[in-house]
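**Student:** From first to last, the protein sequence lines are chains A and B.
Under the numbering used here, the first residue of the first sequence is numbered 1, with each subsequent residue one higher.
Under the numbering used here, the first residue of the second sequence is numbered 258, with each subsequent residue one higher.
Since the hints were derived computationally from the structure, they do not count as laboratory data.
Be aware that one or more of the hints could be misleading.
[What the hints assert, rightly or not] Partial list, derived from the structure: chain B residues whose beta carbon lies under 8 angstroms from chain A:
no., residue
1, S264
2, S268
3, K272
4, I275
5, R279
6, T472
7, P480
8, M635
Please read all numbers here as calculations on a predicted model, not as lab measurements.
All residues carry an ideal CB built from backbone N, CA and C; glycine is no exception.
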Amino acid sequence: MSMAIQCENLTKRFGPRVAVNNLSIEIPKGSIYGFLGPNGSGKSTTIRMLCGLLVPTSGTGTVLGFDVMTQSEEIKQRIGYMSQKFSLYEDLTVEENLDFYAGIYGIDGPHRKKRKEELIAMAGLTGRETQLAGSLSGGWKQRLALSCALLHEPELLILDEPTAGVDPVSRRIFWDVIHDLAKKGITILVTTHYMDEAQTCDWIGFIFFGNLLAQGTPQDLIRQLEVQNLEDVFVTLVQQEEQRLAAIQPGTKGAAQ
Amino acid sequence: MKRFSLSRYLSIVRKEIIQIKRDRPSLGIALIMPIMLLFLFGYAVNTDVDHIRTAVWDQSKSQQSRELISSFVHTEYFDAAVYAESYHELEAMIDNGTVDAAIIIPPDYAHRLDNHEQADVQLFINGSDPNIARTASANAMLTLQNKAIRMQETRMEKEGMGKLEQPIELQSRVLFNPNMESIVFNIPGLIGLIMQNVTMILTAFSLVREKERGTMEQLIVTPIRPLELMLGKITPYVFIGFISFTIVLTLGIFWFGVPLKGSFLLLLTLSILFLISTLTLGIFFSTIAKTQLQAMQLAFAFILPSVLLSGFMFPRDTMPVVIQWIGGLVPLTYFLEILRGIFLKGVDATALWQDITGMVVFFSLILTVAILRFRKKME
Ligand SMILES: Nc1ncnc2c1ncn2[C@@H]1O[C@H](COP(=O)(O)OP(=O)(O)OP(=O)(O)O)[C@@H](O)[C@H]1O
Ligand SMILES: [Mg+2]
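Okay, chain B solo, but in the shape it has when bound (with noise of 0.2 angstroms):
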C-alpha cells in the first residue's frame, strides 16, 4: 500500500490528459502564449546601445566639420538626428529627449586645423541611462582618436617624415558572438525565461483548480498518493511544454537568425528535464496557494527573481555569493547556462554536467518539499 502504484499515477495522467484536451482555451494559451511572448520580448530586449540620437551644432560650416560629423556617423552608433544653432537649443532637445548626445563644434575648428593649433570638440551626453552614456562617450572618444592620428600621418607624410609607427596597438577577438549583438545573447534566454514561467503556471491552476470546484475533496478520500498524484499531473504538461519548447527553438534560430553552435537534440533532451523541474515548481506553489488567483500572484511573484538573479539580466559570475546562492533557487540559473552553452558556444553535456546536476537537485528538492507540504486533507 505503501508502494507507487503504477494504476493510480496512470489514471491520473489520462484524466489530465482528457481534461486538457476539452479545455482548449486554455491548451492554446499555454502553446501560443510562448511564441506571442518570444516576438513580444524579442525585439523589446536589445540591449545593444547604437544609432543614439545625437544633436550637432556644427559652428564652423566646413569641409573639415562635415568630415569629422560623417566619420562620426560612420561608426554607427551615432545619428546625426538634428542640427541647432546654440547651446540652448542643444540643452532642450536632451533635456526633452529628443537626443540623447550632443557634438558642437567651434567657430574656428577647420582655421586652427590649418594652423596645427589644437581644436576642441565638446561632447554632451545624457548620462540618465549609464549604458548609453558610456557607450557614447567611449566610442566618441576612439572616433576622435582616430581621426586626430589620421591626421597626423597625413601631416607627417605631408612633411617627408614618412608613415607614423604606433608602438602599441591592442588586437582582439571576440569569440562566440563575434558582433557582439545582444539578440544572440538574449534570445535563447529569453526562451528559458518564457518557457519556466508559462509552464510552471499550468501545474499550479491544474492542483489548484482541483482545490476550488471541490473535487479535491473526493480525490483525497482514495488511497492516492501525493508523488502518484504529482507526477500524474506533471506528465501531460512535459509533452505540452516540449512542444511549445520546440517551436519556440525552431522561431528563435530560424526567424531571429540566432545560430546554434551545439547540438540541438542535447538541448531538446536537457529542455525535458528543464520542464519537469519549472512544473514542480508550479506544484509547490499549489500547494501553498487556495485560489488560481493567490497562485499567479505567487507566479508572478517568481518572476522578478527570476529576471535579476538568475543571469538573465545581470552576469552572475560579479553577484554576492549569497545572491549567488538565491539565484540557485531558479531553475532558470541552470537552464541558462545550458542555453547559452549549447547556443552560443556549442559545448557538449560534458561542459554542463554541474548545470545539469543543479537541476536534477533543484528538482529532487522541490518535489520533496511539495510532497511534505501536501495534506491530504482539508483546510
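With the rest of the complex left out, here is chain A (with noise of 0.2 angstroms):
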C-alpha cells in the first residue's frame, strides 16, 4: 500500500524545548488517521511539520512523496489544511473568502461557480452566503474552513481539531463529509480529542510529550492494552507513561504542562 505521509525521526525543538521526538509515523493513502493526545503533546507541530509551516529540526518526512524540508510548495499545492485556530477572514463573507481562495488556488469559471456551489451545500452553509464569516457561530465557520480547505480537491486533507467547540450536529455533518472524503479515495489526517469520533478512525497514533506511544487500529489498541474503549486506552497510556517517567526521573512530575 502506497502512503500518503511517511514520516521518520522527525523531531522539532523550539530552544531547550522538544514539543516533537524522533515521531515516525506511515499513513496509507485514502485512510483517515486519527492523531489524540493530550494538550501540548505535539500534535498541532507535527502537522505544521507536514504542511511546510515548520521546518523540522531533523528527521525525514515525506507527504505524497515530496519531501517536508525541500518541497513544501509541491506539497502545498496538493493538500488541504484547517488549522486549529479559524484563520480565514472575518471581515469576508462566506462567498468572499470561498472566491479569495478559489483565486489562489487558481481556480476561475465556471469551475469556480460549481465548486463554490457544491461546497456550500455540503457544508450547508446555503442561506449564508452573504454572511460575514466573523459573524458565524463555532460550528459554521469551521464549516467554512473546511469548504475553504477543500476548494481544490487536494489529495490530503489534515485538520487539526475541526470539531473542538462545536455542536453535535455539526460533528456528525464534519465526520459524515470525512467519510464520504476517504471513501473517494482522499486521506485525512485528524486530531480530537473526541474518544467517539477516534474510534470512527481507520489508525491511530497516540503521542504525548512529543513520543509516538501507540499506533494502530483502534480495535488493536484496546485489544493490546486490555480495556473497554478508547477512553481507557487514553488514560492508560498516559498513566504508563508518567509512571515511567517518575520512575527515571524521581520528583519530575509529568503532567503535560
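Work from the hints to combine the two standalone chains into their complex.
**Tutor:** Following this line, the structure appears as C-alpha cells:
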C-alpha cells in the first residue's frame, strides 16, 4: 500500500523544549488517521511540519511523495489544511472567503461557480453566503474553513481539531463529510480530543510529550491494552508514561504543562 | 508553478479592496491624515527669520534716534516690541525670552551726529538660535551701513561736493524662489515627507495584521508566492495614496500658494513611482515586525533619518559622502529632488533622470530584500 505521509525520526525543538521527539509514522493513502494526545503533546507541531509551515529540527518525511524539507511548495499545492485556530478572514463574507481561496488556487470561471455551489451545499452553508465569516458561530466557521480547504480538491486533508467547540449536529456533519471523502480516496489526518470520533478512524496514533506511544487500529489498541474502549486507552497510556517518567526522574511530575 | 500567477495576484488585490472598504476608520485615516499633517506642519516649519522681537533703549530720544529705529523696523526683520530704560531691563528680557534682540542708542547719539562725530549704536542678540542671530546681526549691519552712507551723501551734497559714488555694488538676483520664502521651499518637501510616512505605515500594518489575526497561517499553506502577495497588497494602496497625494498637492498649490513651475502631470506620474517605493518599504517593515506596534515603531524610527538625511532639513551637498549614501536609502531623498525640481525650477523628466533611476533602484532593491526576508513559514 502506498503511503500518503511517511516520516522518520521527525523532531522539532523550540529552544531547549522538545515539542516533537523522533516521531515516525506512516499513513496509507485513502485512510483516516486520528492523531490523539493530551494538550501540548505536539500534535499541532507535527501537523505544521508536515504542511511545510515549520521546518523540522531533524528527521525526514515525505508527504504525497514530496520531501517536507525541500519540496514544501509542491506539498502546499496538493493538501487542504484547517488550522486549530480559525484563520479565514472574519471581515469577509462566506462567499468572499471562498472566492478568495478559489482565486489563490487558480480555480476560475464556471468551475469555480460549480465548486462553490457544491461546497456550500456540502457544508450546509446555503443562505449564509453573504454573512460575514466573523459573525458565524463556531460550528459554521469550521464548516466554512473545511469548504475552503477542499476547494482545490486536495489529495490529502489535514485537520487540526476541526470539531473543538462544535455542537453535536455540526460534528456529525463534519464526520459524515470526512468519511465520504475517504471513500473517494482522499487521505485524512485529523486530531481530536473526542474518543467517539477517534473510534471511527482507520488508524490511531497516540502522542504524549512529543513521543509517539502507540499506533494501530482502534480495535488493536483496545485489545493490546486489555481495556474496554478508546477512552481507557488514552488514560492508560498517559498513566503508564507518567509512571515511567517518574521512575527515570524522581520528583518530576509528568503532567502536561 | 514557479511563474507569477495573475489569478493569485488579483485575488489578493480584490480581497484587500474589500477589507479596506469595510475598514472605514483606517481608510479615513489614510485619506485625511496627510491633509491634517500638511496643515499642522505647513505652518510650523516656517524657517523664515523675520519680525525678530526687539527691545529698544533709546537714551537719545531725539528726531535722529527715532529715525534710526524706524529704519530698523522698516526692514521687517525687527519689531520694536518693547521700550526699555536700562541694561538690566534689556538683559532680563533677553534672558526670559521676551525679546531676541535689543538696540541701545546712547544719550549723545543726536549730538554726536550733529557734530559729525562717530556715534555708537549697540545691538544685543540672543545667540542660542544661530539662525536668528545671524540674520539679526547681518541685517542690523546692513541697515546701519545704509543709514551711514545716506547721511554721508546728504552731508556731502550740503557741502556741495556732489553725489557719493560707490565703487562697487553687488547686484544679486535670486532665481526660482525670488522672495526666498521658506514656505515655497518647505511645502513641496513636506508633502513628500508626509506621503512617505503615511503610506509606509499602511502596508506595514496590512501584512502584520494577517500575522496577528492568524490568517497568515492559512495563507502560507497555499501556493501563493511572496511576490504575488506583496504586489497584491501594494496595488490598492497605490490608488489610495495617489488620491491622497493629489489632494495634498492641490492644497499646497492653492491653499499655501506655492506656485508650480513645472508639469503637474509629470509630478503625478512620478508620485506613483514614489508611492510604490514607500509602500514596498512598508512591506519590508512588515517582514521584520511581528505586531502592529512593532511595525509602528519601525516606521517612526525611520522618520527621523528621513527628515535629517533626505535633504528635507539640511542640504545634502554639504553632508559627508557616507552620510549622503545613507540618505540614498530613504525614498524621500529622490522624491524631494523631483518635487523641488518640478515645483520650483519647472524642470522636465530629463533633468531628473538621476533621481528617477535612484528611486527605481531603491524600489527594486527593497522589494528583493522583502521577498528574500519573507518566509512562507511560521516563527
Ligand atoms: N512556536 C512555538 N514556540 C515555542 N514553543 C512552542 C511553539 N509552538 C508550540 N510550542 C510548544 O510545543 C509543545 C507542543 O505544542 P502543540 O501545539 O504541538 O501541542 P498540541 O498537541 O497541538 O496541543 P493542543 O491539544 O493543546 O492543541 C507545547 O509545549 C507548546 O508550548
Ligand atoms: Mg494543537
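**Student:** Going back to the hint list, which numbers does this structure go against?
**Tutor:** none
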